[in-house]
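> Sequence:
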Amino acid sequence: MKRFFCSLFGHHYSVSKKVTLHIKEYKCIHCGKQVTTDVSGNLSTLTPELEDINKTLENIFQKRHRAAKHAA
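Those letters in the sequence shown? Residues 66 to 137, per my numbering, in order.
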């Protein structure tokens with residue numbers, strides 16, 4: 066029934082994880098479909114490969130911001 070709702074009206078995404086300032090992961094509140102922003106800023110289905118890329122980007126982003134806080 067939930068997938069029917071999404072196929073009829075479209076997905077209703079909410080942010081599930083902020084990877085960096087510009088890259089986020091989203092999840093549909095109705096059917097649970099997960100997507101992420103790609104290089105162009107468009108939404109792409111969250112594949113295991115993109116999940117690994119996002120984890121790596123998140124680690125790099127956090128390390129840079131921790132280093133910037135200690136330097137200031």
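Just so you know, the hints here were simulated from the structure itself, not pulled from any lab data. A couple of the hints might just be wrong.
[As the list claims (entries may be wrong)] List of simulated lysine to aspartate or glutamate pairs, EDC-like, C-alpha gap at most 16 angstroms:
1) K67 to D117
2) K83 to D117
3) K92 to D103
4) K67 to E90
5) K89 to D117
6) K98 to E123
[Unchecked claim] Restraint ranges, calculated between C-beta atoms of paired labels, are given here:
7) T121 to G97: 35 to 41 angstroms
8) R68 to I118: 26 to 32 angstroms
9) K134 to S72: 32 to 38 angstroms
10) D117 to F69: 18 to 24 angstroms
11) F69 to F126: 36 to 42 angstroms
12) N107 to H135: 31 to 37 angstroms
13) D117 to L73: 31 to 37 angstroms
14) K128 to D103: 20 to 26 angstroms
15) E114 to H135: 31 to 37 angstroms
16) K128 to S79: 45 to 51 angstroms
17) H135 to S72: 46 to 52 angstroms
18) F70 to F126: 31 to 37 angstroms
19) H130 to F74: 18 to 24 angstroms
20) K83 to T110: 16 to 22 angstroms
Note that CB positions come from ideal geometry on N, CA and C, so glycine has one too.
> Each of the hints needs a verdict: does it hold here or not?
Now the hints, each set against the structure:
no., hint, verdict
1, K67 to D117, "28 angstroms, violated"
2, K83 to D117, "14 angstroms, holds"
3, K92 to D103, "15 angstroms, holds"
4, K67 to E90, "20 angstroms, violated"
5, K89 to D117, "13 angstroms, holds"
6, K98 to E123, "21 angstroms, violated"
7, T121 to G97: 35 to 41 angstroms, "24 angstroms, violated"
8, R68 to I118: 26 to 32 angstroms, "27 angstroms, holds"
9, K134 to S72: 32 to 38 angstroms, "45 angstroms, violated"
10, D117 to F69: 18 to 24 angstroms, "32 angstroms, violated"
11, F69 to F126: 36 to 42 angstroms, "38 angstroms, holds"
12, N107 to H135: 31 to 37 angstroms, "35 angstroms, holds"
13, D117 to L73: 31 to 37 angstroms, "33 angstroms, holds"
14, K128 to D103: 20 to 26 angstroms, "23 angstroms, holds"
15, E114 to H135: 31 to 37 angstroms, "33 angstroms, holds"
16, K128 to S79: 45 to 51 angstroms, "27 angstroms, violated"
17, H135 to S72: 46 to 52 angstroms, "49 angstroms, holds"
18, F70 to F126: 31 to 37 angstroms, "35 angstroms, holds"
19, H130 to F74: 18 to 24 angstroms, "38 angstroms, violated"
20, K83 to T110: 16 to 22 angstroms, "19 angstroms, holds"
Figure legend: structure checked against the earlier numbered hints; hints not met, in rising order: 1, 4, 6, 7, 9, 10, 16 and 19.
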